[in-house]
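Participant: In terms of full-length UniProt numbering, the first sequence opens at residue 1 and continues consecutively.
Just so you know, the hints here were simulated from the structure itself, not pulled from any lab data.
Keep in mind that this is a model prediction, so the values were computed, not measured.
All C-beta atoms in this analysis are idealised placements derived from N, C-alpha and C, irrespective of residue type, glycine included.
Be a bit skeptical, because a hint or two may be false.
Below 27 Å or equal to it, Euclidean Cα-Cα: the simulated DSSO-like pairs (lysine-lysine) are [stated by the list, open to error]:
1. Lys-165 to Lys-255
2. Lys-255 to Lys-231
3. Lys-165 to Lys-225
4. Lys-231 to Lys-339
Using C-beta positions, here's what the derived DEER-type ranges look like [stated by the list, open to error]:
5. Arg-168 to Val-290: 42 to 50 Å
6. Glu-245 to Gly-123: 42 to 50 Å
7. Pro-66 to Pro-28: 31 to 39 Å
8. Pro-197 to Lys-231: 17 to 25 Å
9. Gly-77 to Asp-350: 25 to 33 Å
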Amino acid sequence: MEASSQIIPQALLDWYDVHARVLPWRSPPGTPPPDPYRVWLSEVMLQQTTVMAVKDYFARFTARWPSVTALAEAADGDVMAAWAGLGYYARARNLLACARAVAATGGEFPQTEAALRALPGLGAYTAAAIAAIAFGERAVVVDANVERVVARLFAIGDPLPGGRKAIRAAAETITPSSRAGDFAQAMMDLGATICTPRNPRCLLCPLAPPCAARAAGQAEAYPVKPAKAAKPARQGRAFWIERDEHVWLVTRPGKGMLGGMRALPDDGWSARADGGTPPPLPGPWQRAGVVRHVFTHFSLELSVDVHGGAGDPAQADAAGEWWPLDRLDEAGLPTLFAKAAALGLAAMKDVA
DNA sequence: TAGTCGTGGTC
DNA sequence: TGACCAAGACT
């Protein structure tokens, strides 16, 4: 590697030695790497998710399942319920699949980027990140932070997603062969705290001297992103059926929206269309309220209706279970249905 | 390649 | 207040 290409990583690592964030899944700069299990778990949780949101979940998961073999032996429903509220539930399904694959091959994570990439839920970013952080491999780690830092550093104006090829090539040129994990985490810390999407703090940036976008006074203009499509507004209904201090809950199909999660029965709303399928019991139904929830690609106005009659959905050939109200917080409802359940619960209390 | 897939914080 | 965004993966 030429001397000039080491200036950037060296400046970044010097900055990281002083300013590294202290995080539960991280070891301090220049110290031995953390347990690969904790690196893997944190990386999966951090996909498209903020550090603040992950912290509590990481603590609960590691306390309950201290190793990958312990997690591999967990029941599916327990893991899904523990993940409830964190979002992108395919990650939890893949987490279990990955833990079981690792446990089945001896309980040790593979130590190379290529082998990690083959595991469920580990894409290009996560495989590279684990290889670098847990095993010290010189892997080119490119997440949204790195994309932003590199696009600005080299003033790469090719719009995403096509511009990712040029960004990756540029990232390759500044990735050092030593301290691979620290370098990757330093890039992400820089992107999270200094080289932010809006109002970057260039005056505090250790990479300001060589930064091409900064020199042009155009840091915030990079990376160039395409305009986003408008979100459709959908409508649907959820149904609260209460008997003897229990509520009727279903488990959603394994794939698709909120897949594998417990939920209130609903009318089949989706990103593509409003709901419309009939309720699990004949009426009368009474409107308890409306929940407004915004997903990544659509918004939903979900009416919550409570049942005011008799009948048993279990005898109406519906798949589900009676869940005790005093343990509702253990049901692992995703946020949308947790909000809906709060309305249903309150409405029934008012009646009583 | 482009669409799908959650949630909560920020400005 | 709404649009943007976060340590992306999968199909």
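Participant: Confirm or reject each hint.
Facilitator: Taking the hints in turn, this is what the structure says about them:
1. Lys-165 to Lys-255: With Cα atoms ~31 Å apart, Lys-165 and Lys-255 exceed 27 Å; violated.
2. Lys-255 to Lys-231: Answer holds: Lys-255 to Lys-231 is near 22 Å, not above 27 Å.
3. Lys-165 to Lys-225: The hint holds at about 14 Å.
4. Lys-231 to Lys-339: holds (21 Å)
5. Arg-168 to Val-290: 42 to 50 Å: holds (45 Å)
6. Glu-245 to Gly-123: 42 to 50 Å: holds (44 Å)
7. Pro-66 to Pro-28: 31 to 39 Å: With Cβ atoms ~22 Å apart, the hint is violated.
8. Pro-197 to Lys-231: 17 to 25 Å: holds (20 Å)
9. Gly-77 to Asp-350: 25 to 33 Å: Once the Cβ atoms are compared, 31 Å apart, the range 25 to 33 Å for Asp-350 and Gly-77 holds.
The structure shown violates the earlier hints numbered 1, 7.
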